[in-house]
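Asks: If you want the building blocks of each chain, they are given just below.
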Amino acid sequence: MNTLLMPGGRYGVRARFASLNWWLIFVLSVIAAIGVATLYSVADGNWEPWAKTHAFRYALALTILIGVGLTPLRFWLSLSYPAYFGTLVLLLAVPVIGEMSGGARRWIDLGGFQLQPSEMMKIALIMALARYYHGLEFKNVSNPLYLFPPLAMIAVPVGLVFLQPDLGTALLIAATGLAVILLSGLSWRVTTLGAILAAFGAVAAIRLDILKAYQIKRITAFLDPSSDPLGQGYHLAQSKIAIGSGGVSGKGFMGGTQSQLDFLPEMQTDFIFTIFGEEFGLIGAFGLLGLYLTVFLIGANIAMRAKSHFGRLMSMGVSVGFVMYVLVNTGMVMGLAPVVGVPLPLVSYGGTVMLTIMGGFGLVMSTWVCRNQDTLRTSTSYYGKIDQ
Amino acid sequence: MRVEPFDTQRHMIFSRRAALFSGGTVLLFSGVGFRLYQLQVADHEQYRALADDNRFNQRVIVPLRGEIYDRFGVPLATNRQNFRVLLIPEETDSVAQSLKQLEQFLPLTDAQKERALTEAKRKRAFTPLEIANNLTWDQFARINFELPNFPGLHSEVGDTRSYPWNEATAFVVGYVGAPSERDLQSEADEENKRLFRQPGFRLGRAGLERTHDTKLRGKAGSTTVQVNAHGRVIEEYPHEADKPAQGEALGLTIDAELQTEAMRILAEPLLDPAGEELPETVSGSAIVMDVETGDIIVMASVPAFDPNEFNVGVTQSRWKEFNESPYKPLINKSLSGVYPPGSTFKLVTAIAAQEAGISQNFRVSCTGKIWFGNRFFNCWKEKGHGSVDMKGSIKHSCDVYYWTLAQQLDIDLIADVANRLGLGQTYDLGIGSQQNGIVPSREWKQRYFRSNPAQQSWFPGDTLSAAIGQGYVTSTPLQLAVMASRIASGRQVTPRIVRINNGGIVPTRRADGLLIEQEHLALVRSGMDAVVNEWGTASRSRLENPEWRLAGKTGTSQVMRLQMDPETGKRIKNEELPWEQRDHALFVSFAPFANPRYACAVVVEHGIGGSRTAGPKSRDIMRAVLTKDPARQRAFDPSRDKPVKLADLGKTGGGMK
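These protein sequence lines map, in sequence, to chains A and B. Its first residue numbered 89, the first sequence is counted upward by one per residue in our numbering. Its first residue numbered 1012, the second sequence is counted upward by one per residue in our numbering.
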């Protein structure tokens, strides 16, 4: 029997459909539509090769979001650990069967569909950590002994992604995971101690040459863009010129000289914010940032209103992960963060990222639909204790 | 609904933390917003300027080169349309395939194909490759017909330098060539550097093209184009273009028609005594000057090269061929060839003798040889000339007479006269590489042998050699023409070749009188008249029209010592020696005798004898000059006249033959 159609809790599928958070879907769709329009402009006013595919992908991803959202939250709770370990297996498989691209092995080719396990891991890790803290008594949260399992859950995939090598994604995964730990209520004392230890670790990483030459170069180019005008710094310099020359009102749709004349590389992916900023100016960029912030706030609102700890942590984790994409990407193209290869959610061209994000918000949606379910029967032991 | 009491605490903490995260996020978004404000509002102007810098490029427009006209406004160097065929690699499937296809209706050399293929690899795919240029009209029409069904093929009409008179004016105008890497490096001016890099641009490489290069070059124009990141032009703005200015025109004193005729006469093969043509290429020079103004009407040097060939670019093998030829086709012998003047120098010695107080009636009995020092000096005429006076000595070119004079003359006086007549110096013609020649004197010899004290003092024997234009004396054809002009006019004529410069006619000034007694000059002139018209050494150079009456002086200068046949003890005839050992033939002349207007100097390298080869060539050249009489016709005035069209002269525009 199809799991999706199983009656969950007190609500049937039809009732759950009616209770979907349509605001969230609306705002996400507006952002995706901006993505389609921008990709259309990037291709000199052509639906090919990006805009059309992007639109189709969004339609598919939205279907998945709704599907995930209609599925009872407790199903996702029970799927948390299997999803995490499954993704971990895929991540382990990448070095063996992965496709090389740009000097790194990040993709698995699934017969025409390219899968990026490191992207999926972002969601899987949030699920697994939420699941872990969902079942952990609050008094144990700040107990170092109980801190090791989640840290290991973070460290293993981060290490694997780092070795691909993909520093940007690795850092984002780590940051999202740590955010979930913080949200679960880790005491500030332990947090501070951990931060100090992490700082020592970072210094050691640089000293021991664990960072690759190009990764160091990216960071130095960020600190001084003129040091290699035609390398990493070139992207950044041209990107700033594009955004800056857009002014308040922008150069108009399809009117960006920097982008239309190919001064910007890889516009359809990581640098897409520059063409948007160039063509729609400050007004457009503020509008887009506002939409992103709205998505985050809807997600945070859902998290705070959820009765289940799993739903709260997962919704907040997905929302925080989402704004991290936005902040790192926009910061990166404007010279506030190193160029680490982070896409702009729902606007940048790319299938796995879109599926990950929409899948993630599917989980948020499921939390919303099941926001009033406080108990999620699983085999966890403490329910027994309380019942006694 | 079941209550989970233990959940309350962690829910509270979660809510606090989530609020903290939300607050942090809003803060970070404000940071990004502030950065946007910085870029798009505060620093907007700066970034807008940078974006414009990116997309606008200044394109250089190559100016048309200034034209060079002859004295009647006939173009000697002009610009003609250059039909080129280009191929844009990105529009073709394969460059090699396209070349093969193109070959079906346009013959291509292996070098052309190879160059196109290597350039295709080096350059960006949208950069047009020049496959061939200087196409004929027929070829060009054929290409244009094929264009529609040949993707990537383009035809273009550009401008290129053209020398309609080909070899004839090679040494007068020089030639142009594409700037080399070294030219680029030595050029300090950035704008000039950009101009040098333009494919059609040419730099003056030799002759007037080189010395007047900056004027002829003109002013480059520029136009703004919008380019993309790869340098491809997206849009042009022709209305905002800064138009280029054509270079200034240069007008010469040369007469193109006579120049061509003189080149033809000079290059005619020499004849042996039996009237058979000698196999060697004629190598020599001819100069015709206006004795009043100093205008050089003809400056011929053979063999020559076709300057059009240099404009296109000569191949390595062709360059080698030019350089290794014993006839030196790249050297302008009129200015850079130095030859012992031989008997033409006797005119100098005769004037020096008169200035030393020796009478025109001083007679010497020539027996064919004279004893001096420890040996006999042999007159060119073995049997001797008998008794000759000064005029007779010029007419018969008697060596013994001048050796006798030499024993009474001081070399410094001879040198002084030679300098007054224009030998031993260069003239400001605006053409490079003139040779000085040598007018020996005591001071000169001391300087010349400064590393060899034993040779520094002047020996009487040196004067004997110098008196007949042998030994140390050397001169260029130009200097000999100046000497003839000065003897003919009695004035300090200086040669010039540029008539119109800086947009106006360069004024001529009547030259000052020569610091030589008229009486002395008159004797020399009558001696030269006798050479031609009183059965002297060059009687076959006489001109049939009595009004033209040519006066001249032959010269035969030894290249090697006189050679005796060891068996017969007789002199070996010159034509039996190898070409490079034969004597040079010279002839200086002026006409008409009564009222001189033109002077001429002809040198035929290894031409055996002045009277046999140089004389007749001078006669033919002077006949052509006197028939046209260019000095008495109104010359070209750019403010009133239009330049002559080549088509009116029955020429199609020249260029590569």
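To be clear, the hints were calculated from the coordinates, so they are not data collected in a lab. There may be inaccurate statements among the hints.
[Said to hold, decoys possible] Partner residues are not named here, just some residues of chain A that face chain B (Cβ under 7 Å, in silico):
no., residue
1, L271
2, G273
3, I329
4, G332
5, G334
6, G343
7, T345
8, G375
9, A391
10, M404
11, V411
12, T418
Where a beta carbon is used, it is the ideal one built from N, C-alpha and C, also for glycine.
Asks: All hints, please: hold or fail.
Replies: Hints, verified against the model:
1. For L271/A, the interface hint holds, the least distance from its beta-carbon to any beta-carbon of chain B being 5 Å, beneath 7 Å.
2. At its closest, the beta carbon of G273/A sits 4 Å from a beta carbon of chain B; the interface hint therefore holds under the 7 Å criterion.
3. Restraint check, I329/A versus chain B: the minimum CB separation of about 5 Å is within 7 Å; hint holds.
4. The interface hint given for G332/A holds, since its Cβ lies 3 Å from the closest Cβ of chain B, which is under the 7 Å cut-off.
5. Interface hint at G334/A: satisfied, since its Cβ lies 6 Å from the closest Cβ of chain B, which is below the 7 Å cut-off.
6. Hint status for G343/A: violated, given a least beta-carbon distance of 12 Å to chain B, over 7 Å.
7. Here the hint on T345/A is kept, as its CB sits about 5 Å from the closest CB of chain B, short of 7 Å.
8. Nearest Cβ of chain B to the Cβ of G375/A: about 11 Å, over the 7 Å cut. The hint is violated.
9. For A391/A, the shortest C-beta to C-beta distance to chain B is roughly 6 Å, which falls under 7 Å, so the interface hint holds.
10. For M404/A, the shortest C-beta to C-beta distance to chain B is roughly 5 Å, which falls under 7 Å, so the interface hint holds.
11. Proximity of V411/A to chain B holds as hinted, the smallest CB-CB distance being about 5 Å (cut-off 7 Å).
12. The restraint placing T418/A at the interface with chain B holds, with a minimum CB-CB distance near 5 Å, inside the 7 Å limit.
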